[in-house]
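In the order they appear, the protein sequences are chains A and B.
Each residue of the first sequence is one higher than the one before, counting from 1 in my numbering.
Each residue of the second sequence is one higher than the one before, counting from 1001 in my numbering.
Derived by calculation from the structure, the hints in this document are not laboratory data.
You may find that some hints are simply not true.
[As the list claims (entries may be wrong)] Selected chain A positions facing chain B (in silico; Cβ < 8 Å):
| id | residue |
| --- | --- |
| 1 | Gly26 |
| 2 | Lys30 |
| 3 | Pro32 |
| 4 | Thr64 |
| 5 | Ile65 |
| 6 | Tyr66 |
Quick reminder that beta carbons are idealized off the backbone N, C-alpha and C, glycines included.
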Amino acid sequence: MNHLIVPIHEIVQEEETEEIIKKFGGKKEKFPQILLSDPVIEELGAEKGNLIRITRETPTAGKTIYYRMVVK
Amino acid sequence: MLMKRISAIEFNVLSPEMIRKLSALEIKTPDTYDKDGYPMEGGLMDPHLGVINPGLRCKTCGQKMKQCAGHFGSLELVRPVIHSEFGKKIEELMHGTCDSCGRIAIPEEKLKQWKEMDETTEQTIKRILLKAKKTKKCPHCGTAKKEVLLDKPTNFYVNKERIYPTQIREWMEKITDEDLKMYGYTPEKIKPEWFILTTLLVPPITMRPSITLESGIKSEDDLTHKLVDIIRINMRLKDNIDAGAPQLIIEDLWDLLQYHTTTFFDNNTAGVPPAKHRSGRALRTLVQRLKGKKGRFRYNLTGKRVNHAARSTITPDPFLSINEIGIPTGIASDLTVPELVTEWNKKEIVQMMKDTDNIKYFVRANGMRKKVSEETKKEIIEEIEPGTKIERELKNGDIILFNRQPSLHRLSMMAHKARIMPGKTFKMNPIVCKPYNADFDGDEMNLHVPQTEEGKTEAKELMFAQKHIISPRYGAPTIILDEDGVSGSYILTMKNNKLNREEAMQYFYEMGITELPKTKNGNYWSGKQVFSAMLPKGLNLAYKTNTYKQLKEMNPEANEKEFHEDSFLKIEDGELISGVIDEESLGEGKGKIIQTLFTEYSPEAVERFYYYANRIVGDILTKKGMTVGLDEYETNPEIEKVKAKAIKEEQEKGEELTEQFKKGNLELIPGRTLEESLELRMMRLGAKTKDKVGKEIMRQKVEELLSNDPKYNSTVMIMSGSRGSAINLTNIAGMWGQAAVREGRPKRGFIDRLIATNKRKDVGATAGGFIEQNFMQGMKVKEFFYHSMGGRQGEVDTGVSTKVSGYLYRRLANSLKDLNIANDETARSANENIIQFSYGDDGVFPMKSWRGKSINISRELEKLNK
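When you get a sec, could you build the whole thing from the sequences and use the hints?
Next comes the structure, spelled out in structure tokens:
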């Protein structure tokens, strides 16, 4: 996946997913969500319950990392 | 604090049985009081429904006024009516179901299939309605499917024939539980037949108290009036039915009963004329009580009022610190602060009690309050001991909160220290006007007095004015010396500014310096010396001033080394060596001196700086005088020459362009048509012409200001950046240039021309809105008209954009207001959903930053290199 304006999306490995969820309070339903039908998710081939890592370039903070949970 | 989490709230519809069970009394008569003024038995004011007279006891529960919340009554309706709020729900059910068997008019297999689908109820209902609409015959019993029509809010037609609530109720009763589940109902708890009222719940008297007017006449609440109407019609309907009146009359009365119940719930139902009071005023019924700005939610629940607050007009007082608010004695003596008596302050408090009347109340350890008066004073002094509390008037140094609406900001409410002063208005240092967005044309502000130690500390630590010198939005100074403050500092620190012994002594003394510093120039002290005295020792700074910026802009190619020495500011060890103090040092979002003082020294350092600067700078301005006169804007031959040349060049170039345009060989601007290219080129040409004139004016003005004998006029404002710009000066003394509407030349007017005196299809400069004159000369009639076209747009734009952006901001602020930063540093919403994994993606709090960056790297490197 290589797009001019869509930032890098990647599926987080399962063990790491648990780690990240634990780091941010342990409740995955509190995470930001992304629809399974989202074009990026379709392109990635992610499944419901996968955690997506988004690496964004922002003008104020430089490179930042964001997570979104795939939901239906 | 004990906190309980609400897991769920269930809303339901009351069944007739439930209403009867809830009811303490069945209402039988429309009369409220008998002729002696006593409530009627079985009437709307029956004492079984609650008490509103102090002293009386409730006939249902036996409690007194404040304890008894009131009891509901009930009214048996002779004929059922539709609850108007449920008209749509009923329609939905009627559309989808069969009136004879009560099943959803869709084959069983399909229903089963749909039930298993992963859909929201709304989606399922939509599916049912769509399918049922096409169905001609009920697949369960074979009856022909009826066409239902709802004439809002409560009249139903089946196959174009009126159907009455009794029939609808029967229909609703038929619908099976299984089918109701498809509609999202919980059949054990709610039944659609309850949407049609057979029994009306009558609210308790406490909800609709009658008011006795001074004349002794009783005035009833709007709800009572409405209920009386309902009962009256209900009785008339009953009488008519009993007497065997014709169907037509009964139906009329029935409709009337429907109307009254509908307006009882909502007097603003669409399609129903609002019920009026005798005076013609619309009645305020149930929905009206809750809804809108004046409704229960926004007015009474969100809009609770507070004690220990005051409001008054504000006036400026530059001799106050930015942390102080002047509070008039009259207000201060009404506001109180509780103070706990301890072993350490007992003596003081007793003394205060003896000497003054400042202590208003005494509170015993058990919470009993006593008012302090001349008579009780002696006894109370005996009682004062650690653990008790006193409530005293506001005194100097107390922490208070100061606020101005609209409160868009955290800076709109800041903590200050009280300073009791004579007068009737709140007084504030004019430099805190900026964060509050206040001025003194009659603005009023609110004051609150925190009552607990926790509240006071919180206010002081989180809301104190001096802590807000750096903006929480962009991380640069926002409480700043502006306008006169900057102009004054500029004049004070200008190269040629000399102060005689007397002046110097006064200024140094104001800063607490009693010994005159040494001077290099005889019996005179430089303004830079005075300014340096306001800076702390050890401060080192070097940067380019606004003067540099102005000079650079006027002459981009010039050698920087030849710039006036005031262009480069240098502070060494708290001594202003060179450079002039201006916008770059003090201004909003720039304020290099201010921000350095704040971050490298302390908020207090800035507060002191402002305290002194305010006095000295103000005094300089009044002494030296800064004013403008007409002669300042008079043009001289040199300017005239430049202007004439510029205009000539413009006209030549303009003609050339129009010529090219007519021939069609005008060089196109990428992405533009021929016409657009011409317009754009003409606009640029106009701007260029104005610029030429402006440059010459500025050249002269700056030369004059930087000379050995400067005049203090609008050039000071422009060069210091305190107010106005070269463009404003050009407008007055040079030329206005091209008039613009929507970023282009004015277009609207007549066919192919702007005004009637122009030739058709003339696209030249003058015909396109170019204004050669300036404000001093006055414009020609044509030009004046062009100018007005641009002016009008400006006026409209400000009106529209303030309205639009204000509302936009409000919505944004409301949607973000309960976000918070959790302990794991994530930004979360009120229900703990993660919004950002690190606040602002970088975890930087702008208020504690250097212009949004966590650290000012170049500054730190500079320090290291020393």
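Against the structure, the hints come out as follows:
no. : hint  : result
1   : Gly26 : violated (10 Å)
2   : Lys30 : holds (5 Å)
3   : Pro32 : holds (6 Å)
4   : Thr64 : holds (4 Å)
5   : Ile65 : holds (7 Å)
6   : Tyr66 : holds (6 Å)
In summary, the structure is inconsistent with hint 1 from the numbered list given earlier, while agreeing with all the others.
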